[in-house]
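Work out the full structure: start from the sequences and follow the hints.
There are 2 protein chains.
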Amino acid sequence: MVFGGIEAGGTKIVCAVGNRSGEITSKKVIPTSAPEETLMEVKAFFSHFDLEALGVGSFGPVDLNKESDTYGTILNTPKTDWKNFDLLGRLKGDYQIPVYIDTDVNAACLGEYRYGAGKCVNSCLYITVGTGIGAGLVQDGYTFQGKIHPEMGHVMVPRHSDDSFAGCCPYHGNCLEGMASGPAIEKRHGNKGYLLSHDAAVWEIEAHYLAHAIVNYTLILSPERIILGGGVMKQEILYSLVREKVSKLLNSYVDVGNLNDFISAPALDDEQGVKGAITLAADR
Amino acid sequence: MVFGGIEAGGTKIVCAVGNRSGEITSKKVIPTSAPEETLMEVKAFFSHFDLEALGVGSFGPVDLNKESDTYGTILNTPKTDWKNFDLLGRLKGDYQIPVYIDTDVNAACLGEYRYGAGKCVNSCLYITVGTGIGAGLVQDGYTFQGKIHPEMGHVMVPRHSDDSFAGCCPYHGNCLEGMASGPAIEKRHGNKGYLLSHDAAVWEIEAHYLAHAIVNYTLILSPERIILGGGVMKQEILYSLVREKVSKLLNSYVDVGNLNDFISAPALDDEQGVKGAITLAADR
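Chains C and L are the protein sequences, given in the same order.
Using our numbering, read the first sequence as starting at 737 and increasing by one per residue.
Using our numbering, read the second sequence as starting at 737 and increasing by one per residue.
Fair warning: there could be bad hints in the mix.
Copies of the same chain look alike in the list, so a pair counts if it works inside one copy or between any two.
[Unchecked claim] Only pairs whose alpha carbons sit at most 20 Å apart, straight line, appear in this in silico SDA-like list of lysine to any residue:
id	residue 1	residue 2
1	K763	E777
2	K779	P814
3	K981	Y907
4	K819	D991
5	K981	P894
6	K984	P894
7	K802	V857
8	K779	F901
9	K984	N910
10	K855	N801
11	K819	N987
12	K855	E803
13	K981	R895
14	K819	N996
15	K981	G909
16	K981	D1005
17	K802	Y878
18	K802	E960
By construction, these hints were calculated from the structure, which means they are not laboratory data.
Please read these numbers as outputs of a predicted model, since none were measured by experiment.
Have a look at this one:
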């Protein structure tokens, strides 16, 4: 049996076909343009396969409330072409097979949970730190949703004492995404993160915000593992800086075990999203 | 069929007997002393009833990991008599009926969810602001646990610009509990909260911390309703101050509906804990 997975991002759509063992047999990356055009290309790709079911990890906000009239619809996104687009309804119409939808970060978390850095634990949080910041939680094999769905990248964090940057989140200014995303680093320091590798102050500040958010996620969600990925985390020194600060802030109040295991890097090399999307379909 | 409920707190243990409709037919409050002495009194109370099952909402930290060897044991508490006490094992031995355990705040949340301010929604968060601060989440009828369990009262919150109080949490200093619990108000302002009713600056600062925490809970857990209780919330002006600040901080980024409904007062008049404990038993 083969299953389809779609990782629907703001700039690209990754489509793949795979099995229950996490093997991908075919994959295609399609640039995200207007819904009609994009989904025609998606359909052309999947038309070569006899799929059992399809899973989608979508950019958002997306309505995940199964009791809602707009379940599976993209909500108030800055990508105006996709605003109020009934993604789930359209895919169900296109394929006439079961289609399952979740957030992009929940799908990525599910991929890591099943096949990657979370495969030895019962619950894990996957955080991506890049152009934006988002996080998804899987517990006992299920992704955690809520009334709409979590938007964990926008949590409020205490300011670093040496940091006067106002923050760049258009909604909240100095929330986590406003202070610690890739664009926040670039706006604060005048250069992209990868060009600032040797500037310790940059990463001290970055680790401060990530650590405070991770402490809050830990105290609120009590996950067994935290997987920290995304473009900004290519700066590998961040892992040790974040672990050190998390340890200091938690001050042994909760036992998270070995910090090197508790806060770890992803294992699926940017395929966690689409593998998780396939898992959404294969698991049901 | 009658069910037993125990709300086990650090200063008192509330025992009650009730039914599936949320009616309490008998209740007794026992001061919390050493485990043997306290549990003998608990047993004496319940010996008059033919219980189907028993539910316990316990102070913590308590091990809620069903796969753990110490499942149902009180962990590292400052109440040294109770440290490493196998509460679940002892109660199972005492009563020979099914016994279900959860945190005190999860039980209280379940009580409000089933019979109180959360009975019209599918998920709610119950926050208690008193000597300490804690919160529990119920979603689709189930309490949310984690690897150990959440400790939401200790999240980190941005400092209020007019506040120089160091914080009084013995573990984290200036976490939410360190900045906004009853003892924090008393230490910061030199007087108990209820004697400071007319000092607007006190409640402005208090609302600042509560609102920041509530915004983070909302973004991380996406609950349908937040029920805000505990002794400090007797200062009723806090509700409108907190709602106003939450609205400003969220800045319409997520749609929480009418804020007067979203952030509401408890409805069970200090019986949410024991009613929730009975529900833990009656629901299984």
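So, going through the hints one by one against the coordinates:
1. K763 to E777: This pair counts as within: shortest intra-copy Cα distance 13 Å, inter-copy 66 Å.
2. K779 to P814: neither (25 Å within a copy, 61 Å between copies)
3. K981 to Y907: So K981 and Y907 pass the 20 Å test across copies only (15 Å; inside, 27 Å).
4. K819 to D991: Only across copies: K819 and D991 sit 15 Å apart there, 43 Å inside one copy, limit 20 Å.
5. K981 to P894: both (13 Å within a copy, 16 Å between copies)
6. K984 to P894: Intra 15 Å, inter 17 Å, cutoff 20 Å: intra and inter.
7. K802 to V857: Only across copies: K802 and V857 sit 14 Å apart there, 28 Å inside one copy, limit 20 Å.
8. K779 to F901: For K779 and F901, the Cα distance exceeds 20 Å both inside one copy (45 Å) and across copies (60 Å).
9. K984 to N910: between (23 Å within a copy, 13 Å between copies)
10. K855 to N801: Answer is between; shortest inter-copy Cα gap is 18 Å, intra-copy 27 Å.
11. K819 to N987: between (44 Å within a copy, 19 Å between copies)
12. K855 to E803: between (31 Å within a copy, 17 Å between copies)
13. K981 to R895: both (14 Å within a copy, 18 Å between copies)
14. K819 to N996: neither (40 Å within a copy, 28 Å between copies)
15. K981 to G909: between (23 Å within a copy, 15 Å between copies)
16. K981 to D1005: neither (26 Å within a copy, 41 Å between copies)
17. K802 to Y878: Both, since 15 Å and 17 Å are each at most 20 Å.
18. K802 to E960: between (28 Å within a copy, 14 Å between copies)
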